[in-house]
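> Residue numbers (the UniProt record's numbering), protein chains in the order written: chain A, 1 to 134; chain B, 1 to 134; chain C, 1 to 134; chain D, 1 to 134; chain E, 1 to 134; chain F, 1 to 134.
Please keep in mind that the hints were generated in silico from the structure rather than gathered at the bench.
Nothing here was measured: the structure is a model prediction, and the numbers come from that model.
Take every hint as true, because none was put in to throw you off.
No copy labels: a pair is met if it fits in one copy or bridges any two.
The calculated lysine to any residue pairs, modelled on SDA-like cross-linking and capped at a C-alpha distance of 20 Å, are: (1) Lys-95 with Asp-64; (2) Lys-54 with Ala-43; (3) Lys-95 with Asp-127; (4) Lys-95 with Pro-60; (5) Lys-54 with Asp-44; (6) Lys-95 with Ala-62; (7) Lys-95 with Arg-132; (8) Lys-95 with Ala-58; (9) Lys-28 with Met-57; (10) Lys-95 with Ala-5; (11) Lys-17 with Phe-41; (12) Lys-28 with Ala-129; (13) Lys-95 with Ala-129; (14) Lys-54 with Ala-100.
Each chain, written out:
There are 6 protein chains.
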Amino acid sequence: MSTIAPPADPESDARVKAVFDDIRATRKSDFINNMWLWLAFDADLLEQTWRDVKAVMATPSALDPLVKEMLYIAVSVSNGCGYCAHSHTAAARAKGMSDAEHADLLRVISLAARTNQLATALQVPVDAAFDRTA
Amino acid sequence: MSTIAPPADPESDARVKAVFDDIRATRKSDFINNMWLWLAFDADLLEQTWRDVKAVMATPSALDPLVKEMLYIAVSVSNGCGYCAHSHTAAARAKGMSDAEHADLLRVISLAARTNQLATALQVPVDAAFDRTA
Amino acid sequence: MSTIAPPADPESDARVKAVFDDIRATRKSDFINNMWLWLAFDADLLEQTWRDVKAVMATPSALDPLVKEMLYIAVSVSNGCGYCAHSHTAAARAKGMSDAEHADLLRVISLAARTNQLATALQVPVDAAFDRTA
Amino acid sequence: MSTIAPPADPESDARVKAVFDDIRATRKSDFINNMWLWLAFDADLLEQTWRDVKAVMATPSALDPLVKEMLYIAVSVSNGCGYCAHSHTAAARAKGMSDAEHADLLRVISLAARTNQLATALQVPVDAAFDRTA
Amino acid sequence: MSTIAPPADPESDARVKAVFDDIRATRKSDFINNMWLWLAFDADLLEQTWRDVKAVMATPSALDPLVKEMLYIAVSVSNGCGYCAHSHTAAARAKGMSDAEHADLLRVISLAARTNQLATALQVPVDAAFDRTA
Amino acid sequence: MSTIAPPADPESDARVKAVFDDIRATRKSDFINNMWLWLAFDADLLEQTWRDVKAVMATPSALDPLVKEMLYIAVSVSNGCGYCAHSHTAAARAKGMSDAEHADLLRVISLAARTNQLATALQVPVDAAFDRTA
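Required output: the full structure, derived from the provided sequences and hints.
See below:
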């Protein structure tokens, strides 16, 4: 069940087809996952989202591609996004994440959520030593 | 302002002193940040929290120490924990995070939050290809 | 699957029937969606919730009814509430939301989530110009 | 206090200056709020963020500019972003939001958060009638 | 700093005065905390909010008043609301919460946040045994 | 659907079997719910998580066991964790939570979410009277 009906034949729209072609070329795979099929209900939203995902996730940058996928998982889980937890865990695995790394990721993100609660509950004041504007 | 008064002389409690000594030894620094001073209002909570933080963050594991700090930042920011954003950004820098890596981290976590909203708003169904139990 | 069993014959309770009758009259429809069937497990909670929803969402006020539905979607998506994303997207459509407005809504709420992460990650200080108490 | 030190002389960087000039021109105001000064620590992140904010918030689209600001507030508040609550409430006021509209906005977003909790706590199943893919 | 200017002389408005009088009578105290002073910018919003808070928090019900305050803290911390963490921790203390109970509360809510992350990250399927609608 | 494949025969691993035996002994039940089956993909993560859950939730402490379950529900719902809402509502019922207590819990946590939004939207300043460090 979803809140929109994805287009029945998305690639009949030339703008959608161009994005899908670029997704396939960038990922070197014919698989277009549901996120893109659903976003295709609005070509502009699809183009804008893919442009950003490609620029950040599929372009060499300061961080390692697998690290970026794990950061993506960390945010997605914190935001309770089930779809995103699924798609980015699959992506991290495709980029080589081992079971040991996956377990380590879970240890870190669950610990972080735990101490976040403590700091917020206590309203701990920020140490002057942490201030970069000083 | 905070919701508890941290103990005036925390190390007069032997259990607190033992934790603080271990923090100093583990981090090779005399600096005890406010989080630990505040948690010292309950020795058991302090011991339990430090034991977990040490086990996950200060023990060699599958993931690189800097990657673990960046994951910690990702969760802390997603949870809106200002104190944690401060303390773990400082920790990441102490472990060598460059400005370029910091900016890349911000690009990834802000993009993730954006697409999380889209997947949740559309209630995109999870692709069968992502199911590991199949 | 749900965490309570909704009552098998909710309208046998006069208080529940009165609320359901008012929902039908207010919405000019016989359809009672699951949210109300489930809340009927406690007549007081049902009455209180419907009273508030009716007062805010079904009573003319400063904001346009469709704008109110879109705000409801924005909050529901940010809170990761799948049921609410579904029910309020349906409500917004019933009040005339076009596909173009839906896509625009998605653009705004996903952008907001993105810049929220940036402001929190950087802990940007609030500009004096924004302070209304000055 | 913040997690980075914003550049002392941001407009000495030509890319930053170009963005700031465009912010001033687009908003017809000399005021550059802190968000942009802080993002200027990385010219690419600044450019990318401004490009998106301008495209979504400062370009005519299906939704009214004030409605877009109120949606931005709804998400920012739900995510607990204090800075964003401040900056977008100021922006909404600048676009004409009255006190009555502000109060109505608060009624809707606080009600939404309330019923989100109820639907999630009860794990209410989505009504078949809401499914657009049917 | 806040996003509205609270009224300079709130009790000059008879509706506001009536609410404030009821707050003082209900709580048997002259202290009106800032939340109510700020909400006084809109008499309707103030009345509606106080009516609900009084009905739920200041009226005998199935749960103990202190338990209700601790639940309020749990939600407020999870939502990252600093003001609410402060006000409800103070309220819990006024209702007798001991340091040991406070520490126990923190242990539970921080553990919950930790295992929430794990369940969401793994997307653990709900056990049939938990389904109340079966 | 889930993001990992739980082990087919988890108790063939002696560390997993030891944890499962302790869960059964502690809970006086043969039922092992899915959370533990899934966590068994990494023995260390399973051990660490069970150790913490047992220490906090299955060990006598300052707060009543049922109160602790209700706090767990409050956090789980606020974080949008469906699995956790299910498992801890079932646990609370097993510990004696009545329908009236359940409804009261829902009233409190939904009210809290509502006023959290108001306090954050208004950025209400914390009253000096709430500061415990003064």
